[in-house]
Each structure stands twice: as structure tokens, then as C-alpha cells.
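Q: Listed below are the residues making up each chain.
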Amino acid sequence: MRLQILITALALTAGSAFAADETETGEYIAQLGDCAACHTAPGGAPFAGGLAIASPFGDIYTTNITPDPQYGIGDYTLEEFDRAVRRGVRKDGANLYPAMPYTSYAKVSDADMAALYAYFMKAVAPVHKPAPASDLRFPFNIRFGMEGWDIVNRPEVGFTPPYDDAQLNRGAYIVEGLGHCGACHSPRNLMQAQEGYTAASDRFLTGGTLGVWPVPDLRGPESAPQKWSDAELVEYLTTGRNAYTAATGEMALVVERSMQHATEADMDAIVAYLKHIGLPAAGSDKAAATGAGRSDDTTAMLTAAKPDMPEGARLYLDNCGACHTVSGQGAPRVFPNLVGNSLVLSDNPGGFIEVILKGAMMPSTRRAPAALAMPGFGDRLSDDDVAALASFIRSAWTNDADKIEAETVKKIRGQL
Amino acid sequence: MARTQKKVDAVIVGLGWVGSVMAMELTAAGLDVVALERGPDRKTVPTFAYPKIADELRYAVRYELMQRPADSTVTIRHNTGQTALPYRRLGSFLPGTGVGGAGAHWNGLLWRPNAEELRLKSYIDERFGADIIPDDMTIQDFGVDYDELEPYFDRFEKIVGVSGKAGNLNGAIMDGGNPFEAPRASEYPMPPLEQTYDAVLFAEAARNLGYHPFPKPAANASQVYTNPYGMQLGPCNYCGFCERFGCLNYSKSSPQTCVLDALYQRQNFEYRTNATVLKVELAPDGKTATGVTYADAKGEEVFQPADLVILAAFQLNNVHLMLLSGIGPPYDPATGAGAVGRNYAYQMTGATSLFFKNIDFNPFVGAGANGVAFADLALSQMDFAKNGFIGGGYQSSQQTNGQPIHHLPLPDGTPAWGAGWKKAVGEHYGHSMDIVLQSTNMPYRDAYLDLDPTYRDPFGRPLLRMTFDWRPNELKQAQFFKEKAAEFGREMGADASSSFYPDGHYDTRVYQSTHTVGGAIMGTDRQTSAINRYLQSWDVHNVFAPGANAFPQNFEYNPTGMIGALTLWAARAIREDYLANPRPLM
Numbered sequence: 001m002r003l004q005i006l007i008t009a010l011a012l013t014a015g016s017a018f019a020a021d022e023t024e025t026g027e028y029i030a031q032l033g034d035c036a037a038c039h040t041a042p043g044g045a046p047f048a049g050g051l052a053i054a055s056p057f058g059d060i061y062t063t064n065i066t067p068d069p070q071y072g073i074g075d076y077t078l079e080e081f082d083r084a085v086r087r088g089v090r091k092d093g094a095n096l097y098p099a100m101p102y103t104s105y106a107k108v109s110d111a112d113m114a115a116l117y118a119y120f121m122k123a124v125a126p127v128h129k130p131a132p133a134s135d136l137r138f139p140f141n142i143r144f145g146m147e148g149w150d151i152v153n154r155p156e157v158g159f160t161p162p163y164d165d166a167q168l169n170r171g172a173y174i175v176e177g178l179g180h181c182g183a184c185h186s187p188r189n190l191m192q193a194q195e196g197y198t199a200a201s202d203r204f205l206t207g208g209t210l211g212v213w214p215v216p217d218l219r220g221p222e223s224a225p226q227k228w229s230d231a232e233l234v235e236y237l238t239t240g241r242n243a244y245t246a247a248t249g250e251m252a253l254v255v256e257r258s259m260q261h262a263t264e265a266d267m268d269a270i271v272a273y274l275k276h277i278g279l280p281a282a283g284s285d286k287a288a289a290t291g292a293g294r295s296d297d298t299t300a301m302l303t304a305a306k307p308d309m310p311e312g313a314r315l316y317l318d319n320c321g322a323c324h325t326v327s328g329q330g331a332p333r334v335f336p337n338l339v340g341n342s343l344v345l346s347d348n349p350g351g352f353i354e355v356i357l358k359g360a361m362m363p364s365t366r367r368a369p370a371a372l373a374m375p376g377f378g379d380r381l382s383d384d385d386v387a388a389l390a391s392f393i394r395s396a397w398t399n400d401a402d403k404i405e406a407e408t409v410k411k412i413r414g415q416l
Numbered sequence: 001m002a003r004t005q006k007k008v009d010a011v012i013v014g015l016g017w018v019g020s021v022m023a024m025e026l027t028a029a030g031l032d033v034v035a036l037e038r039g040p041d042r043k044t045v046p047t048f049a050y051p052k053i054a055d056e057l058r059y060a061v062r063y064e065l066m067q068r069p070a071d072s073t074v075t076i077r078h079n080t081g082q083t084a085l086p087y088r089r090l091g092s093f094l095p096g097t098g099v100g101g102a103g104a105h106w107n108g109l110l111w112r113p114n115a116e117e118l119r120l121k122s123y124i125d126e127r128f129g130a131d132i133i134p135d136d137m138t139i140q141d142f143g144v145d146y147d148e149l150e151p152y153f154d155r156f157e158k159i160v161g162v163s164g165k166a167g168n169l170n171g172a173i174m175d176g177g178n179p180f181e182a183p184r185a186s187e188y189p190m191p192p193l194e195q196t197y198d199a200v201l202f203a204e205a206a207r208n209l210g211y212h213p214f215p216k217p218a219a220n221a222s223q224v225y226t227n228p229y230g231m232q233l234g235p236c237n238y239c240g241f242c243e244r245f246g247c248l249n250y251s252k253s254s255p256q257t258c259v260l261d262a263l264y265q266r267q268n269f270e271y272r273t274n275a276t277v278l279k280v281e282l283a284p285d286g287k288t289a290t291g292v293t294y295a296d297a298k299g300e301e302v303f304q305p306a307d308l309v310i311l312a313a314f315q316l317n318n319v320h321l322m323l324l325s326g327i328g329p330p331y332d333p334a335t336g337a338g339a340v341g342r343n344y345a346y347q348m349t350g351a352t353s354l355f356f357k358n359i360d361f362n363p364f365v366g367a368g369a370n371g372v373a374f375a376d377l378a379l380s381q382m383d384f385a386k387n388g389f390i391g392g393g394y395q396s397s398q399q400t401n402g403q404p405i406h407h408l409p410l411p412d413g414t415p416a417w418g419a420g421w422k423k424a425v426g427e428h429y430g431h432s433m434d435i436v437l438q439s440t441n442m443p444y445r446d447a448y449l450d451l452d453p454t455y456r457d458p459f460g461r462p463l464l465r466m467t468f469d470w471r472p473n474e475l476k477q478a479q480f481f482k483e484k485a486a487e488f489g490r491e492m493g494a495d496a497s498s499s500f501y502p503d504g505h506y507d508t509r510v511y512q513s514t515h516t517v518g519g520a521i522m523g524t525d526r527q528t529s530a531i532n533r534y535l536q537s538w539d540v541h542n543v544f545a546p547g548a549n550a551f552p553q554n555f556e557y558n559p560t561g562m563i564g565a566l567t568l569w570a571a572r573a574i575r576e577d578y579l580a581n582p583r584p585l586m
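Chain order of the listed sequences is G and S.
Numbering of the first sequence is given in this note's numbering, commencing with residue 1 and proceeding in unit increments.
Numbering of the second sequence is given in this note's numbering, commencing with residue 1 and proceeding in unit increments.
These aren't lab readings, by the way, just hints derived from the structure by calculation.
None of the values given here were measured: they were computed from a predicted structure.
Warning: the hint list may mix true and false statements.
Unchecked claim - Covered stretches of chain G (in silico footprint by chain S; criterion: 3 or more residues with CB under 8 Å from a CB of chain S, positions within the stretch not fixed):
no. : region
1   : 331-344
2   : 360-368
As the list claims (entries may be wrong) - With a cut-off of at most 20 Å between alpha-carbon atoms, the simulated DMTMM-like pairs for lysine to aspartate or glutamate come out as follows:
no. : chain 1 : residue 1 : chain 2 : residue 2
3   : G       : K227      : G       : D268
4   : G       : K403      : G       : D385
5   : S       : K52       : G       : D385
6   : G       : K411      : G       : D347
7   : S       : K482      : S       : D457
8   : S       : K52       : G       : D318
9   : S       : K52       : G       : D75
10  : S       : K476      : S       : D135
11  : S       : K165      : S       : E187
12  : G       : K306      : S       : D360
13  : S       : K43       : G       : D379
14  : G       : K129      : G       : D164
15  : G       : K358      : G       : E407
16  : S       : K6        : S       : E270
17  : S       : K423      : S       : D495
Using N, Cα and C, we set each Cβ at its ideal position, and we do this for glycine too.
Please build the complete structure, drawing on both the sequences and the hints.
A: Written out as C-alpha cells, the structure reads:
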């Protein structure tokens with residue numbers, strides 16, 4: 001019977017050492033580099049492309065990077081592959097759009113590039129299907145223009161270890177290079193180029209914008225990496241949740257597809273590096289957002305639940321209180337804390353409003369498989385309701401952020 | 001001609017508690033596993049999302065999460081002299097359907113049976129003598145002892161996440177728990193739920209009457225909890241939408257909250273919904289199953305070959321499939337021969353509502369497994385000779401919800417409609433509390449399940465026929481407990497009361513309990529049981545049927561704890577013994 005054979009086979013392999021070959025290393029490099037985040041469309045075949053990335057200049061569709069010779073990269077040599085990943089230049093000589101973070105990947109080592117190439121060529125299934133063409137407005141649809149952009153903005157290939165510490169250098173290599181954290185977490189200049197590619201720049205990783213979402217600062221004194229303990233950071237990055245908050249939006253995908261796979265040593269290096277690059281007073285997450293010391297009468301008001309309480313408070317009780325509770329603090333790792341929450345309090349309320357309208361879901365990871373989800377309330381709450389509710393939450397308990405106008409909600413609803 | 005799917009190592013019929021936990025175990029052993037679920041897929045979001053799930057009419061009255069009688073039902077009769085008729089409208093019991101099964105819509109009471117209940121025949125013989133058992137009462141031992149199952153109860157409670165207080169920790173009696181429970185190796189995973197006011201009053205009265213009250217073991221999280229699979233529960237907010245609903249709050253334990261996301265990560269697991277298993281296919285010699293045939297969403301027949309078949313459907317459906325597939329000889333009540341269908345049993349329940357004009361119980365605050373119980377009248381504590389019946393039960397307070405359509409207790413004598421009814425509703429709503437009984441139901445020679453000779457389901461298969469009625473033993477038991485509840489009313493000074501305890505024939509119209517059990521019972525003798533002590537078919541050795549179908553009679557406690565323990569017990573036998581050498585394990 002087949003079962004018997006299977007059990008025997010398991011018994012035979014159980015004791016043998018795991019042989020790490022180049023494609024396995026390459027798979028790990030692809031995970032840390034999060035290639036799938038852009039090159040695998042939701043529900044699509046792995047690395048077959050087709051994900052639309054909205055840019056201020058129009059939609060950029062990601063390409064098929066499976067080893068299919070016609071529609072993928074099957075006919076790329078290692079040198080050509082390398083030139084695309086680290087220089088942003090296609091096989092045919094055309095320049096890639098910098099939605100592809102080659103400016104970060106420039107730091108990836110030769111050895112990792114070789115492993116990555118081996119993985120894509122040998123271990124990824126070819127998909128014989130073209131990805132849709134990008135749809136940029138003139139003049140941005142002229143790839144020729146990218147050459148000038150590259151001359152100004154593209155860093156040199158190679159990584160110079162900046163520290164005397166192997167762990168910090170490994171962290172820098174991942175965060176600045178392979179992990180391309182700066183692609184979202186750094187501000188962009190007028191040319192849409194990332195501001196700073198290393199911690200030497202005090203703009204690097206100080207927060208940015210992604211669609212309507214604020215991308216948190218990682219360096220200021222009030223930023224999560226500087227406030228949280230190492231263990232809390234590791235927990236957030238590998239499970240998408242910790243005692244305070246949950247990964248939402250794009251970060252949930254980063255955790256699910258990339259960060260959860262980091263080895264313990266690499267995760268420790270990432271955390272050590274992030275802790276090391278804190279800045280005394282930069283970044284967009286301001287301490288002022290939580291009026292520490294302000295008396296907390298919100299909990300008492302919500303507990304009493306008098307009919308004459310303000311509309312935002314009533315909406316909170318009717319829609320949010322079941323999970324986030326009258327204290328706003330939710331429950332650790334299950335219901336995110338709304339008090340002092342950077343998404344809630346950001347100057348850019350887009351992400352917060354989108355979560356209220358559309359809901360959110362935590363990533364399902366090995367360590368924390370539960371894809372805990374918040375339903376969207378967009379079908380239930382009007383723009384005025386959401387504005388009243390969001391304004392209430394931003395000013396409740398010890399929160400102290402600006403009011404949200406219905407007009408802002410309307411605009412974001414229109415973009416969903 | 002049925003389409004054939006790629007062969008797998010194991011096919012699981014039904015994706016509720018049994019199916020999902022078994023799938024975790026078998027995939028962990030390296031098997032390729034496919035689960036077939038007849039109903040739709042269900043996830044907390046969007047299926048149970050707030051506020052749409054909190055809809056009493058849709059879920060508690062129109063039974064959105066339950067099986068539709070038009071798709072699947074049973075026929076019922078009281079005795080072999082009658083013609084059974086289809087159970088066309090759900091009433092007395094509510095089988096679930098869809099991913100999560102009954103584990104999605106239950107209340108979350110997670111008990112263990114008493115040790116005596118698992119070896120009931122031996123216990124009675126030793127303690128009271130075999131003569132005390134009436135001739136037609138077919139009590140049996142389960143074939144597995146409490147001590148053997150204890151590690152599996154313990155493990156299942158940790159998977160499920162239970163809020164409670166141990167009363168017997170490794171033999172040491174603990175304050176605040178159930179002093180009559182069998183020894184537990186560890187404390188409950190979470191402390192008890194907060195108690196509602198009715199429970200506070202009930203506990204006080206119980207103590208005054210000489211009983212030993214304790215919080216009911218609740219699979220409703222009293223705090224954040226992470227189980228051994230890494231799955232998480234959030235604290236219950238006592239919203240009162242447990243029974244008949246999916247939990248909107250990740251607080252009620254269910255396959256969704258405790259198992260499925262972890263299972264879905266396994267590459268060697270796949271599940272298909274809207275896949276109704278029609279039959280287990282047998283090899284020509286009838287000694288092994290080759291897989292199952294199911295109907296997909298379009299009604300097309302599909303053959304799923306497999307080396308191992310796990311029947312993890314609702315109790316009635318497991319028995320139905322075994323009868324339809326010829327897995328074991330069908331039971332014949334005239335001769336007592338054959339075992340499949342034998343020993344169907346139910347649960348004897350009852351409820352007393354006590355009314356207090358001056359107390360506002362605020363019924364909107366509630367949880368499915370909320371309340372305080374006492375087990376001084378458990379089967380293990382009863383003198384059957386003195387009482388004149390074989391049985392026992394537990395009584396408890398229970399404030400699950402304030403839903404006005406289906407839970408509107410009114411004092412006895414209140415008009416059932418019109419102005420008098422309206423006035424009574426105004427006076428009494430929110431001013432009553434319930435004392436509920438859950439008690440044993442013994443098996444009888446002609447209480448059984450077989451295939452109906454007349455009625456067929458939409459697939460042309462004969463419906464399952466249930467032959468069942470209350471017997472004098474159980475009716476006496478109900479009256480015994482009704483009187484105990486009345487003592488509470490007097491002790492507490494209730495202004496009025498009402499009660500429902502069966503006192504005649506089994507009434508299928510009134511909801512009593514979904515704890516239907518037996519029909520494919522476990523044991524150590526193939527003449528009197530359909531499956532052996534490892535839940536393996538005596539006749540077709542690669543078919544296992546863990547579930548309430550395995551209970552030879554019904555114990556007083558809610559079945560899920562036992563179902564989970566039996567699933568893990570069967571999984572261990574499969575993993576550690578059967579897979580290396582597939583054969584009858586007994």
C-alpha cells in the first residue's frame with residue numbers, strides 16, 4: 001500500500017542533513033528581496049508578473065520573471081540578469097522603471113546574485129504568458145528618459161560595509177540593499193527618487209507615502225523601531241503583530257512573503273541595524289501626536305454610554321468597541337491598540353481611513369498563522385460617519401491628532 | 001461515469017472539528033490530505049463579520065448556518081410500528097453545514113465525561129449488579145478508559161482554548177472547580193469567564209442547597225490565548241451571539257479560530273467545498289475502501305481515490321454514509337444482529353425559567369458557555385436503585401443572549417398571543433433567569449438508525465431513518481431534575497416560573513439539543529459495535545469514524561470534548577500504528 005512506502009521514505013530522509021544548494025540559497029535571497037511582492041500578482045502564478053503598481057505617472061505593470069524564454073527571462077545570461085537587477089537595464093538595453101528597486105539591489109553581492117539567478121532559472125516554473133504593458137503618461141512612457149534619471153539617482157553597484165561590526169553590516173546589507181526597505185520607508189524627491197540609500201543620509205528611512213498610505217518613519221525617537229524592544233520588533237516583523245499593533249496594507253505582505261522567512265541571525269541583524277540608526281529628532285512620527293499626561297476621560301464616557309455622548313463616540317461603541325474595547329487598547333496581538341497608534345495618528349490619515357472603509361487582515365505566518373481580520377465598514381458608514389468616527393479616535397484617550405473632514409473620506413473612498 | 005481526481009493518502013469527509021484536527025495530525029505525519037466539505041466555505045471575515053452576523057432572524061430563526069432539510073435530512077418515528085416521516089423543518093436538533101460545521105455555530109461548552117460514563121456497563125455491574133439494567137437497555141462500555149484518554153482531553157482543551165477552573169488536579173480537589181470531575185493533568189488553559197448576575201444568584205442558591213457550584217468550562221476566551229498551533233483567540237465581549245452564529249470576535253473556539261489558518265499553510269492539505277460525499281467506495285473484497293465518490297457544486301460526480309478514509313461528518317451523516325456504503329452489517333432490532341445503526345441516543349434536557357419582578361438581569365450581556373453548574377447529581381454520584389432510574393445530569397445557570405424572537409421566557413399560564421401575551425412580555429422581559437438541565441440518555445434495543453424505505457434525498461439516496469422515543473427511565477429522570485430546579489425557585493424566592501421537561505413522546509418540533517449520538521458505536525466486540533476502540537471500522541479497516549456516532553450511550557456532558565479527544569486518540573493510532581502496517585488494529 002502506498003502509505004507504507006511513504007512512511008518508509010519519511011523514515012529514510014528524516015535523519016539526513018539538509019543539503020543547502022545554490023537554488024535554495026537563491027530562494028532565500030528572493031524571499032529577503034521580496035521579489036514576489038511585485039512580480040506575483042494576487043491569485044497569479046509565482047513570478048509571472050502583472051501586478052499594477054500605481055505611480056504618480058501612471059500604472060506600471062510588473063513583468064514576468066519566470067524562466068520562460070519568450071515572455072520571461074529564460075534567455076537571460078547571468079550577466080544580463082545581473083544588469084537588470086543591480087543596474088535596472090533590460091536585456092535589450094532599455095531602462096527599467098525605478099519601481100523596480102535596482103537602486104537598492106545595487107548593494108547585493110555577486111554571490112547572492114549568482115544564487116538568485118540559479119533559483120530563477122532552475123527552481124521557478126516557467127509561465128508562457130506575457131504580463132500587461134505599463135501605462136504611463138507622456139513623457140514618462142519614454143524609457144529613454146530613464147537614462148538621465150539613472151545618471152542622477154542611481155547609486156554605484158557594490159556594498160561597502162559601513163561598520164566595524166559584522167551584525168550591523170549584515171543588517172545594513174539587508175535593510176539598505178536586498179530588503180529595499182528604503183523604497184517605501186524613505187521620502188522621495190521631485191524626481192520620485194528615494195532620498196538617501198544609506199543611514200549616512202538623515203532622510204533615509206524617515207517615512208514616505210505609498211498610494212494614500214503613510215509609510216512610517218523608522219528612525220525618529222517616536223518611531224516604532226526606536227520605541228519597541230528588540231523582541232517586539234522581531235515579533236512584528238516575523239508575525240505581523242505584537243502587543244501594540246498589527247501589520248496592515250503592504251507591510252502585511254512584506255511580513256508574509258519576506259520577513260517571516262528571515263533566519264534568526266538575519267532578523268537579529270535587521271533589528272540591531274534599525275536600532276543603531278536612530279536619529280535624535282527627525283522623522284514624521286511626532287511625540288506630539290499623543291498628548292501624554294492628558295487625563296483620560298474617554299474610557300469613562302464610553303463605559304457610561306450615555307445617549308448624549310458625541311456622535312463619534314457613539315459610532316465607536318457601535319462599530320469598534322467590541323474588539324478595540326472602551327479603553328481603545330484592544331487585546332495584545334489580536335486587536336490592535338488604537339492609543340498612540342502611528343497609522344491612526346499620522347498626519348496623512350489615508351491608511352487609517354482606508355482600514356475603516358475596507359478592513360484589514362494580518363498576514364498568515366508560520367509563527368502566527370491566524371489571518372485575523374477586521375471587516376470593512378465602508379458599506380455601513382457614510383463619509384460623515386467615518387469622519388466623525390476617525391476624528392473621535394484621533395482625539396480619544398491620550399490621542400491628539402487633527403480632525404478628519406468628510407471631504408477627505410470621500411476622496412479616499414473614491415480611490416478604493 | 002464519474003470524473004476521477006488524483007489519488008491522495010487520506011480523504012476526510014467534513015471539515016468541522018474532527019476533520020480539521022484530523023487533517024492537522026495526518027498532514028503532520030506527511031500524508032497528502034484532501035478534505036471534502038458539503039457546505040460553503042466560511043471565514044470569520046467576511047462570513048461572521050460584524051454587524052451582519054448579529055442577525056437573530058437570519059441565523060437563529062432561519063438557521064443560515066444549518067443544513068437545509070430540502071438538501072439533507074432524516075426521517076423520524078417513535079417506534080418500529082410507525083411509518084417515519086421526514087424532519088422537514090429543523091426543530092429539536094440543528095445539524096450544521098459548511099466549513100467549521102457545528103463547531104462554528106455551537107455555544108462552546110467543552111466538558112469531559114466522567115470516568116464512570118466511559119465504562120458504564122462495567123460500573124453498573126460492579127456497583128449495582130447487572131439486574132438493575134432493564135432488558136431492553138443496551139448499555140455498553142466505550143472500550144477506552146478515561147485514564148487512556150486523559151492526555152487527549154488535555155491536548156484538545158489546549159487546542160480549543162477553554163476558560164474554566166479545575167476541580168480535580170491530579171487527584172487533588174481544588175476550591176472553586178468541580179470536585180466530582182475525573183482527575184485532570186493540568187488546569188484549564190484560561191481562567192473562567194466573568195459571570196452574569198443570574199449565575200451569581202444561582203451559585204449562592206446552589207451552595208445554600210448543599211451543592212458545589214463551579215464555572216462551566218467554556219470555549220469562549222476569557223482573555224487572549226494562543227494555542228499549540230499558534231492560532232489566537234481574543235477576549236470575549238459577551239455580545240450574546242454564540243449559539244447558532246459564528247463568532248464575530250475571534251473569541252469563540254471554532255475550527256476557524258483554532259485550526260484552519262494553520263492547516264491552510266500546509267502544502268500537503270487541500271479542501272474542496274460544496275462537495276457532498278455520496279458514498280465510500282469499497283474494493284471488490286469489501287475489506288478496504290478505495291476512496292469516496294462526491295457530488296461537486298454542479299452536481300457532477302467525482303471519484304476521489306484515497307488510501308485512508310476519515311468520516312468526520314456530523315454523527316447522523318457518518319452513520320448514513322456507512323449504511324449507504326455497506327461498511328459493516330446494518331443493525332436489525334428484531335434479532336439484535338448487525339452493528340451499524342445500533343444504539344442511537346439523544347440528550348435528555350430541560351429548562352426552568354424563574355421570574356423576578358425586581359431584578360434586571362440585562363440579558364444582552366451573555367456568552368454561549370456562560371454560567372455556573374453543579375455536578376452533585378452527576379451520574380457518578382447517583383444511586384440508581386434509590387432513584388429508580390439509571391442516569392444523571394448537571395444543572396446550571398445560562399445567560400447566553402437577550403434575543404427576543406426565539407428566547408422569550410414567560411411564566412406558566414401566560415396567554416400565547418394577543419394583549420395578555422404582550423403585557424406579559426413587557427413585564428417579564430429581562431426579569432428572568434434560566435436553570436438548564438443536561439442529562440444522560442440510555443440506549444435501547446429499538447432506538448436505532450437505518451435507511452428509510454420510502455424517502456430519498458436529492459441525490460436519490462435513501463434518507464437515514466431515526467427510530468427514537470423517550471422511555472420511562474428518562475422521563476423519570478427529567479421529572480427528578482425538574483423538581484430539583486423547582487427547589488431553586490423556592491430557595492431564591494422567584495415570583496413565578498415556567499418549565500419545559502419532556503413528559504411524553506419525543507417532540508421533534510421543540511429545540512432541545514443537537515447532541516444526537518451513537519449509531520456507529522465504538523467497542524471491543526464486533527458483534528455489538530460498528531467501530532473498534534481506535535474508531536476504526538471492524539469491517540473496512542482503512543475507514544475511521546471518530547465522532548459522536550461512537551458513543552454507545554449519551555453521557556450527561558456536552559459531546560465536543562469527547563469528540564475531540566477521540567479524534568486525537570484515533571489519529572495517534574493511525575500515525576503510530578496503522579500507517580506502518582495498515583490492517584485491522586483489533
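Q: Hint check: K476(S) vs D135(S), CA-CA at most 20 Å. Holds or violated?
A: holds, 17 Å
Q: Given the hinted pair K6(S) and E270(S), is their alpha-carbon gap at most 20 Å?
A: holds, 12 Å
Q: Taking 20 Å as the top limit, are the C-alpha atoms of K227(G) and D268(G) close enough?
A: holds, 16 Å
Q: Please work out if K52(S) and D318(G) have their alpha carbons no farther apart than 20 Å.
A: With a Cα-Cα distance of about 13 Å, the restraint between K52(S) and D318(G) holds, given a limit of 20 Å.
Q: Holds or violated: K52(S) and D385(G), Cα atoms, limit 20 Å.
A: With Cα atoms ~18 Å apart, K52(S) and D385(G) stay inside 20 Å; holds.
Q: Given the hinted pair K165(S) and E187(S), is their alpha-carbon gap at most 20 Å?
A: holds, 7 Å
Q: So if I understand the rule, the pair passes when the alpha-carbon distance is 20 Å or less; does K482(S) with D457(S) pass?
A: Distance of about 39 Å is beyond 20 Å: violated.
Q: Just to make sure I understand the rule, a stretch counts as covered if three or more of its residues have a C-beta closer than 8 Å to a C-beta of the chain. Does the region 331-344 of chain G meet that for chain S?
A: holds (count 5)
Q: Hinted pair, alpha-carbon criterion (20 Å max): K403(G), D385(G). Please report holds or violated.
A: holds, 13 Å
Q: Given the hint that K306(G) pairs with D360(S), test it: the Cα-Cα distance must not exceed 20 Å.
A: Distance ~18 Å between K306(G) and D360(S) Cα, so the pair holds.
Q: Is the hinted pair K43(S) and D379(G) satisfied, with a Cα-Cα distance of at most 20 Å?
A: holds, 19 Å
Q: Has the given pair, K358(G) with E407(G), been kept, meaning a C-alpha gap of at most 20 Å?
A: The given pair, whose Cα atoms are some 17 Å apart, holds under the 20 Å limit.
Against the hints set out earlier in the document, violations occur for numbers 7, 9, 14.
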